[in-house]
Amino acid sequence: MVFLLKLIVPFLVLSNPNLAYANPAIATMVWEVRTAGSNDNGGCYDSTAATTDYSVQDTAQLTLTDLATSGIGITSLTSATGGFTAAMVGNCIQIKSGTNDTPGFYKVTVYTDTNTVTLDRAPDDGVGGVSSGTGSLGGALAHPDKADSYLNYNAGNIIYIKAGTYTGTAWSLNTSSDGGNGTPIVFEGYNTTRGDQPHDGSRPIFDGESTLADVLWTSGANGVAFFNLVFTGGTNKGIKITSSSSNKLVFFNVRSHNNGSDGVFNEATAYFIGCELDNNGSDGFVIQNDRTSMFFYSYIHNNTDAGVYSISGGVPNVINSIFSTNGSSGLDTANHYFNYIVNSIAWNNTTNGIKTNPSGRNDILIHHIYNNIIEDNGTYGISFGDTDFFHYEDFNSFSNNTTANILNGAWGGDNDVLENAGITATDWGLNAGSAMIDAGLDPGTFDSSINIFYNIGLDQANPDAVGACVGSVIFR
Amino acid sequence: MKKILLILLLISIPTFAFAQRAVDIPKDKVLTDAERVTVQDELGRKIFVGMLPYKNDYVDRYDRGTVKFNFEKGHRFDGEEAYKVQNYSLHKVIIPDGTTIKGMNFSQKVAHTNSITGDNLTFIDCNLTNVELNPTWTLINSNFTQNRRSIIIKEGINYEVYEVEKDGVFVEVDRTILGVEQP
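Chains H and B, in that order, give the protein sequences.
Heads up, the first sequence is in my numbering, so the first residue is 1 and it goes up one at a time.
Heads up, the second sequence is in my numbering, so the first residue is 1001 and it goes up one at a time.
Just so you know, the hints here were simulated from the structure itself, not pulled from any lab data.
For every residue, glycine included, the Cβ atom is placed at its ideal position computed from N, Cα and C.
Among the hints, a few may not be true.
[As the list claims (entries may be wrong)] No more than 20 Å apart at the CA atoms, straight line, and that leaves these computed lysine to any residue pairs for SDA-like:
#1 H:248 with H:219
#2 B:1166 with H:209
#3 B:1046 with H:420
#4 B:1084 with H:400
#5 B:1109 with H:211
[Unchecked claim] The following residues of chain H were derived to be distant from chain B, with all beta-carbon distances above 12 Å:
#6 292
#7 317
#8 347
#9 448
[Stated by the list, open to error] Output of the computed footprint for chain H on chain B, the stretches with three or more beta carbons under 8 Å from beta carbons of chain H:
#10 1040 to 1048
#11 1143 to 1149
Sequences and hints are given; from them, build the entire structure.
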């Protein structure tokens, strides 16, 4: 029987990558990733432990090659060499190899003495006690997804990624655990101190170096948030999200640029907040599978094809974002629809500013477009590809759209402004005296007792110094 | 009466000369300033604001003609100085030798397109997808992928096959189901 187990268990471990590396199922686990780290390091720390977090350093605090347990199911880990300390409680030890071990990350829960600690679970493979185990405690990992296996993060885990350029390994996120309500799995970039909210070049950069296909690829991830990261240099997509269900992802202060094809390819429900998708070899953003994507305060520009393109379904909605200087439409829901576009700019795109064609989707009320600047586009400002639907646009400004401002009409439009906003590729603000100032739809538009002012466009500053300023621009 | 007609004829001559049309300008001719204005006006926003046509050779949205590099600068929100025109994708562009360019898109539709004229150029953080590279150039953090796309039909479904060149051979790296685009 033991012989059979010895045959079967290694086969199971090898055939299931999620078994190949096991992680502590602890919501408060915090991980550290640095370019100077090692994928052999401990990498994680339980944030509730009032000890020393040894993961926030490049090298391991302790590496041992004689780790052992006394039998199956035993959580007491020993080393004749020793070196354990009380301060190590709460830190992770990664057991990389050995006899009868299950490689993985284990949390130290109890310190006994320099030769003995207790782990959160037994590290053996069910065949016998561990012997000649090699492992490291503390030290950061070198990549959020280990090169040689899958890491299964758990709901509530935060994976901090220190600034630097990560190359050579595509990031394939296959975590089988979902983030939860209030406990998402968070990948958060930082510059020098955790939580310092880096921007521009101080964010961690994942660079495909014109060699890797998709710089970040995730399939099935759900309840995951990405903060303060840059993806560039992919021969295909910067970010590729494949999903067969309505998984939900959030990207905040993420940039995807200079990729050979699309900046982002998305099949999930995804929210992009303060993101920049630019200079990509095809579309800035592609969506399909009838998912909803939201863009808030984002900048989608200088892409070779459309800024946002819906292949086969997919619903993009937009607030306070810019779609500019894209080589096709700014936002093109070629075969589908969107719900709303508000306080945004579609400028200098070589075909339509906004294009939609909701063929076959007469089950919904669609297309509400308010407070946007739509100008200098190559064909139509807005192209409604279908006349059978409920389009409503008003309080927008149109200027210098080559063919016409609107194709196929819409309701509304009585309060549109047909003047040039004076924006340029480097200055999206309004000038003093602009007709866009206080010309947007807001709660005070029809009720003078409400003292509130909205401009058309993104810029809510008030160069005329009349009334209050609301919704100041937060950008990158 | 003849005098009046002669005067009217003389007046109309400069009007005819001024109303030059782009269609009358040879495609391989380097444009004069006046001709560039004519071409710009007729192309409208088929090319981006700030583009400076160098020749009258716009074909379609995938072959947008030859332009000169525009050195005009502005300031971004964060105060950093930047070139106003940053997307030269699907254009051919003439760049003075020795120029350093940062953060721009020069991508082309077809692999190995000779789209940039200029020696000893330095590209920093640029997208040069499908651009035929010049050995005198210096590339820093720039994408030089060569790719090609094709459509195949398998079991009644349209797929776009995306291939990338590796060691001189195009290898499939992605396959996407295509929708049926409406007019």
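Verification of the supplied hints:
{"no.": "1", "hint": "H:248 with H:219", "result": "holds (11 Å)"}
{"no.": "2", "hint": "B:1166 with H:209", "result": "holds (13 Å)"}
{"no.": "3", "hint": "B:1046 with H:420", "result": "holds (18 Å)"}
{"no.": "4", "hint": "B:1084 with H:400", "result": "holds (19 Å)"}
{"no.": "5", "hint": "B:1109 with H:211", "result": "holds (19 Å)"}
{"no.": "6", "hint": "292", "result": "holds (17 Å)"}
{"no.": "7", "hint": "317", "result": "holds (19 Å)"}
{"no.": "8", "hint": "347", "result": "violated (8 Å)"}
{"no.": "9", "hint": "448", "result": "holds (33 Å)"}
{"no.": "10", "hint": "1040 to 1048", "result": "holds (count 5)"}
{"no.": "11", "hint": "1143 to 1149", "result": "holds (count 4)"}
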